[in-house]
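> Protein chains in written order, with numbering that gives the first Met the number 0: chain C, 0 to 157; chain H, 0 to 157; chain D, 0 to 157.
If you are wondering where the hints come from, they were derived from the structure by calculation, not from laboratory data.
One copy or any two copies: either way a pair holds, since identical chains are not told apart in the list.
Cut-off 30 Å, straight-line C-alpha distance, at most; resulting in silico cross-link-like pairs (DSSO-like, lysine-lysine):
1) K9 to K127
2) K56 to K9
3) K9 to K22
4) K127 to K56
5) K127 to K71
6) K71 to K56
7) K56 to K129
8) K22 to K129
9) K22 to K127
10) K71 to K129
11) K71 to K22
12) K9 to K129
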Amino acid sequence: MTTIEARLDKIESRIEIEELVSKYAQSFDRHDRDMLRGLWFEDSVLNLGSNFGEPFKGIDNIMAAAETLWAKTPKMHHWMANSIVVIDGETARAETALDCFVIDSEDGPTQVGGLYTDHFERREGVWKIKLREFDLHYWAPVSGWSAAAGADAEPAKA
Amino acid sequence: MTTIEARLDKIESRIEIEELVSKYAQSFDRHDRDMLRGLWFEDSVLNLGSNFGEPFKGIDNIMAAAETLWAKTPKMHHWMANSIVVIDGETARAETALDCFVIDSEDGPTQVGGLYTDHFERREGVWKIKLREFDLHYWAPVSGWSAAAGADAEPAKA
Amino acid sequence: MTTIEARLDKIESRIEIEELVSKYAQSFDRHDRDMLRGLWFEDSVLNLGSNFGEPFKGIDNIMAAAETLWAKTPKMHHWMANSIVVIDGETARAETALDCFVIDSEDGPTQVGGLYTDHFERREGVWKIKLREFDLHYWAPVSGWSAAAGADAEPAKA
Chain C
0 MTTIEARLDK IESRIEIEEL VSKYAQSFDR HDRDMLRGLW FEDSVLNLGS NFGEPFKGID
60 NIMAAAETLW AKTPKMHHWM ANSIVVIDGE TARAETALDC FVIDSEDGPT QVGGLYTDHF
120 ERREGVWKIK LREFDLHYWA PVSGWSAAAG ADAEPAKA
Chain H
0 MTTIEARLDK IESRIEIEEL VSKYAQSFDR HDRDMLRGLW FEDSVLNLGS NFGEPFKGID
60 NIMAAAETLW AKTPKMHHWM ANSIVVIDGE TARAETALDC FVIDSEDGPT QVGGLYTDHF
120 ERREGVWKIK LREFDLHYWA PVSGWSAAAG ADAEPAKA
Chain D
0 MTTIEARLDK IESRIEIEEL VSKYAQSFDR HDRDMLRGLW FEDSVLNLGS NFGEPFKGID
60 NIMAAAETLW AKTPKMHHWM ANSIVVIDGE TARAETALDC FVIDSEDGPT QVGGLYTDHF
120 ERREGVWKIK LREFDLHYWA PVSGWSAAAG ADAEPAKA
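Looking at chain C on its own, in the form it has when it is part of the complex (with noise of 0.2 Å):
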């Protein structure tokens, strides 16, 4: 590539990688379950840290843990902040914060705080999560929470 074509192409990158970060919370928010299966590969890990259990495995236990997670936690509201994006050729490394609200099945409305840590492959031209960790920092039920609208929608479907 050119200087120009690989600085296009950087950037090109950074703007992937950061819709599959906002995918990665809109498809859990939505319960979309082919946004979500198209943001990994067949060897991708999800590693939710020991409050959610053991690392899934394959995309297939990353499927299987999103239902597992949406049946205790039917609603979910996550948004994504601050991501630092580092790029190295076709890998790359996220750091992103996480402010999150849900409504939990045991827990009822909960504040979720926390930070992912992505790592990035691109294979055959395309850029994938390959590792998703995250930290979680705070889960906090809300006392006295109650919704005058909306709150019985079902998950948004755009």
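Starting from the known structure of chain C, arrange chains H and D on it as the hints suggest.
Relative to chain C, chains H and D alone:
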């Protein structure tokens, strides 16, 4: 355009589009009428959903709706996240999650969540919002909220 | 520079500037002194407003202020949103909304909101923050907050 120029144009278009999403949030939070007006075409539509009334058709109706919203909810804090932007020539689409805290004249301090779906067009070289639709996920008044500092301040003038 | 190179440079500058905003948030949340120090010039200024004292002038005073803030508020979670970035040659300006949750040694769990206005410069080819100003919108202690998991963890070390 050359391929290089086309790739640059797409990246610059994304930056413009993401700025429209940011400016919608900041203009509503600051009551910045000039910034808000600049986001729309004369024939643009803002549809906030049935909780907020019929769709507001045309820039003048959108601006009138903003005045009504500010009168009912004088303080708003929008935080946009997880934008997924798809650009197709002179049109584009984006889905962006909302985390929002407001002080409503009737409900008081209230947590709000939802999803915006935007349709953009580029006319005469400038990207603007053609249609913005909002899906409210919850409107949850906060019990026992008390601000130790700053909450009586006017909307930020930046 | 050619036009192409100038357009690429502006896009890359925006990426560097947005990274400074993200790194401020992540370095404060993680107590990452090296990351925080790297954001400023020797003569940079951090003005958090009257609630947080006089402006901190010079990188050493900024770093000393961080130690004071961490001592009073050992846990911070900053989520930056809605950045509006304007680049003009070797200087730039950004306005970015803040959603923040902290655990304060005096007030306990507290929701914080505000707006950062940044002035950046590029010196010797590197963008850094020349002046950061903060407008506090609210500091609201949360009643009845209790964390079921993770809240006693140390700041994240990524």
